[in-house]
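Colleague: Starting from the known structure of chain A, fit chain B with the ligands onto it as the hints suggest.
Chain order of the listed sequences is A and B. Per the numbering used here, the first sequence starts with residue 1, numbered consecutively. Per the numbering used here, the second sequence starts with residue 1, numbered consecutively.
If you are wondering where the hints come from, they were derived from the structure by calculation, not from laboratory data. Please note: incorrect hints may appear among the correct ones.
[As the list claims (entries may be wrong)] Covered stretches of chain A (chain B as the covering partner; in silico rule of three or more C-beta atoms under 8 angstroms from a C-beta of chain B):
#1 47-58
#2 90-101
#3 106-118
#4 161-173
Glycine included, C-beta positions come from ideal geometry on N, C-alpha and C.
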Amino acid sequence: MAKRIDVSDLNIYYGNFLAVEGVNVSIEPRSITALIGPSGCGKSTFLRTLNRMHEVIPGARVEGKVVMDGHDLYGADADPVDVRRQIGMVFQRPNPFPTMSIYENVAAGMRLNARRMKKSDLDELVERSLRGANLWEEVKDRLDRPGSGLSGGQQQRLCIARAIAVEPDVLLMDEPCSALDPISTLAIEDLMTELKERYTIVIVTHNMQQAARVSESTGFFNLNGVGQPGRLIEFNPTEKIFSNPDQKATEDYISGRFG
Amino acid sequence: MATQTPTPVSTAADAVEPAAGRLPRWAPWACFAGAAAVAAGLELLGDFNIALFVVYAVVLGTLALYLASRVTEGRRKATDRLVTAVVTSAFGIAMVPLVALVWEVVGRGIVRFDGEFFGSSLVGIIGEGGGAYHAIFGTLIITALTTLISVPIGLMTAIYLVEYARGRLKRAITFFVDVMTGIPSIVAGLFAYALFVLFFGPGVRLGIMGAVALSVLMIPVVVRSAEEVLKLVPNELREAAYALGVPKWRTIVKVVIPTAIAGLGTGVTLAIARVVGETAPLLVTVGITNATNFDPFDGRMATLPVYAYYQLTQPGVPPEYAIDRAWTAALLLIMLVMGLNVVARLISRFFAPKTGR
Ligand SMILES: Nc1ncnc2c1ncn2[C@@H]1O[C@H](COP(=O)(O)OP(=O)(O)OP(=O)(O)O)[C@@H](O)[C@H]1O
Ligand SMILES: [Mg+2]
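Just chain A, with the same shape it has in the complex (with noise of 0.2 angstroms):
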């Protein structure tokens, strides 16, 4: 069940300082969107506001709307604990659960919310999700071994794994594939495009080939200066993005002429 996410007139605040202003964009359910511009623009921080994460941060808040299937997540009515049921979250650093074993690692959306799951269901929904994320083969035999005791790029793939055993609609990834290998790279943008079957997926990346390979649409924040708010300049089909933007300023970044 992915689900359309429409954003309009977001402004992004931490305390006093606007990180970022005015965003409009519009996210395709079963796509991947790709968000990429300069470090510091505020790709992440406008991530977390898709899923209500921004504002666990002290003094962070929000102004705007952001519209999920005609349901705006930042209304009076709307449960940030229940959004983020429905939109999961993929962190730039893996964060396995060190107390917690691989198993009960992808059991624990499950688990910590308390749903009552025969042993059988559960078994079989962490062997789908770790079979999903790509690492069902690596660590069958060691179900029971502490989470962190993975290898970087395999935490990475647990943490997709946790996230999607949850079963959200829309999977948010804040680049998943930094600290990884080109093999697990390549293991993950191939779940990607597995999992875009099913959900809607949004993936902050600084790897414009990685953008280019995986992504239907493709945003691109910048910002002015130092202290000024990062913007969305453009938000266009990735195709056109990388072929033949609008704005001068897209085609600088991707043709390595920025700043």
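Modeller: Chain B with the ligands alone, transformed into the frame defined by chain A:
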């Protein structure tokens, strides 16, 4: 920079310094053995004094080693050896009171470290015999009650401070906790006494009063240590749980606390060790008795520190027997504190998150 990259710098220095020889491995031992011999000779001229002998030996040995190294190895290595010797001596000096204390307490306490000490109270005892059965149980009961009061309050305060409190209120609470950490223990005792006098009238003595007084001392210690440990739990783990749609309180109970459990257990154990030997507050709240009383809500109880105090200050005639009992009680207290420290280490060893790499 130079101090952080010793290897390249040392090769450079070796190349520059003319006398880059090496003292053999046994050189330090030889220097100190020689110095000891000289010191012994010096001492034999007058009366032999063990403390002076050690001082002479250490000073002479350090000097000899420095000079030998200066001549053969050059200035940098010599300074290195000098500093090593000084730091080691400082460590030795720091150990002196500890070793002397343990030595003295064990030597004197062992005299009455017997079955009767653990098996009988002081009822009907004048002079020889008797034990601290009643005081041992008093200490255990009151410490357990203190833990029962302090740990929930302390842990919850720490969780509140780390996970919920913001801004001014947080700073105010932190400030008061800091002040409470430094409050003299007799003040805690007087506070508990005054509190209970309000309800039971003057002269009241109850085990629970002692537990309340000790809690006043223990709660801030628990808060402080738990706060430090909870702060160490990476924010990323909390965010990982939130992103799965886990509510905040469940995140705290199921993710934050399990991750920090080793540190929390260690902190609580050390906080218990901190209050188990407190004397002054118990003196004014629990008093002392010769009989066994297991009920902390009814009348006076004996506790090990207060027991030791009274055995020492009011030994009766002849005094030797009571003084022996006081030393054994002191020995028992030291063993309790050491035991708790060992437990704390075991907790942090066994409950630490396993990486399994
Ligand atoms: N917790 C925070 N408190 C205050 N300001 C923050 C915080 N996190 C980020 N910022 C600021 O918000 C702006 C956008 O940061 P953000 O992390 O979104 O950048 P980014 O585009 O993800 O960069 P990168 O590509 O390096 O990850 C930056 O100016 C940053 O300094
Ligand atoms: Mg980022």
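Colleague: Using C-beta distances, would you say chain B covers the region 106-118 of chain A, given that this needs three or more residues below 8 angstroms?
Modeller: Result for this restraint: holds, n = 6.
Colleague: Are there three or more residues in the region 161-173 of chain A whose C-beta lies closer than 8 angstroms to some C-beta of chain B?
Modeller: Since three or more residues must qualify, the claim that chain B covers the region 161-173 of chain A holds, with 3 doing so at under 8 angstroms.
Colleague: Count the residues of the region 90-101 of chain A whose CB lies closer than 8 angstroms to any CB of chain B, then report whether that count reaches three.
Modeller: With 7 residues close enough to chain B, the hint holds.
Colleague: Do three or more residues from the region 47-58 of chain A put their C-beta atoms closer than 8 angstroms to C-beta atoms of chain B?
Modeller: Holds, because 4 residues of the region 47-58 of chain A bring their Cβ atoms closer than 8 angstroms to Cβ atoms of chain B.
Checked against the numbered hints listed earlier, the structure breaks none of them; every hint is satisfied.
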